[in-house]
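Colleague: In the numbering used here, the protein residues as written are 11 to 198.
Bear in mind the hints are in silico, worked out from the structure with no lab data behind them.
Even for Gly, the Cβ is constructed at its ideal location relative to N, Cα and C.
Be aware that one or more of the hints could be misleading.
Within a straight-line C-alpha distance of at most 30 Å, the following computed DSS-like cross-link-like pairs (lysine-lysine) qualify [stated by the list, open to error]: (1) K142 x K168; (2) K153 x K168; (3) K180 x K142; (4) K180 x K168.
For each label pair, taking beta carbons as the anchor points, the in silico distance ranges come out as [said to hold, decoys possible]: (5) S44 x E147: 19 to 29 Å; (6) A156 x A107: 18 to 28 Å; (7) T97 x F148: 15 to 25 Å.
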Amino acid sequence: MPDFSEHCNGLPTLLIRDLNNTRLSTGAVLVRLSTDEICVLHDRERHEYVLPYTSRSYIERPRDTAMRTATESTGFRCHLPVVNLLTHVGSTITKRAGMSHGIPEPFTLQICHVEDDQVQVIWRFVVEVDEKQPQSEFRLHKKRYAVEFYSYADVHSKLTIQLDREMVRKAIDVLGATYPWSDKKYRG
């Protein structure tokens with residue numbers, strides 16, 4: 011069982027004592043900013059609609075895994091857009107919550123208890139389709155997964171997994187903080 015101890019600024023903190031029992035994963039919310047759409051993979055075998063997601067090696071940076079996964083899953087070249095995130099800003103002494111502008115970082119980090127002593131760490135990134143490049147014919151699991159795009163408003167009703175819906179909501183919030191014109195279209 012993971013060890014949660016209150017020692018980091020009084021907040022519950024997960025101590026990962028053994029990286030051999032830790033699964034590192036990366037997920038992507040792939041967006042097409044020109045049309046305010048989110049990419050969804052339609053799993054034809056399981057009749058599910060999911061976001062691109064994969065395990066990663068310890069030697070690959072999470073951001074590189076997110077872009078590779080999105081490209082391999084969809085055939086679209088992509089990049090990490092710089093986004094605005096609420097983070098800690100200021101010096102060590104005057105640290106406070108504030109908006110950091112233009113950073114290519116994950117918008118969320120999830121730590122999940124998977125099995126008896128296994129923990130899964132998932133970095134989630136907003137990844138943007140490079141619209142100047144055509145979709146490649148090469149993509150992994152092409153027969154099993156169809157690549158589909160849905161508007162910000164419609165994507166929630168398509169996604170099968172609740173956690174994917176939550177990640178899309180958070181990604182749309184990040185996009186709204188970064189591109190206010192996009193947020194207004196979504197929120198009406």
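Colleague: Is the Cα-Cα distance between K142 and K168 30 Å or less?
Modeller: 27 Å, holds
Colleague: Evaluate the given range 19 to 29 Å for the C-beta pair formed by S44 and E147.
Modeller: This hint holds: roughly 22 Å between Cβ atoms.
Colleague: Against the 30 Å threshold, does the CA-CA distance of K180 and K142 hold or violate the hint?
Modeller: At roughly 26 Å apart (the allowed maximum being 30 Å), K142 and K180 satisfy the hint.
Colleague: Hint check: K153 vs K168, CA-CA at most 30 Å. Holds or violated?
Modeller: 20 Å, holds
Colleague: Against the range 15 to 25 Å, how does the distance between the Cβ atoms of T97 and F148 compare: consistent or not?
Modeller: 37 Å, violated
Colleague: Holds or violated: K180 and K168, Cα atoms, limit 30 Å.
Modeller: Status holds; Cα separation ~16 Å.
Colleague: Looking only at beta-carbon atoms, does the pair A156, A107 fall within the given range of 18 to 28 Å?
Modeller: 41 Å, violated
In terms of the numbered hints stated before, the structure departs from hints 6 and 7, listed from lowest to highest.
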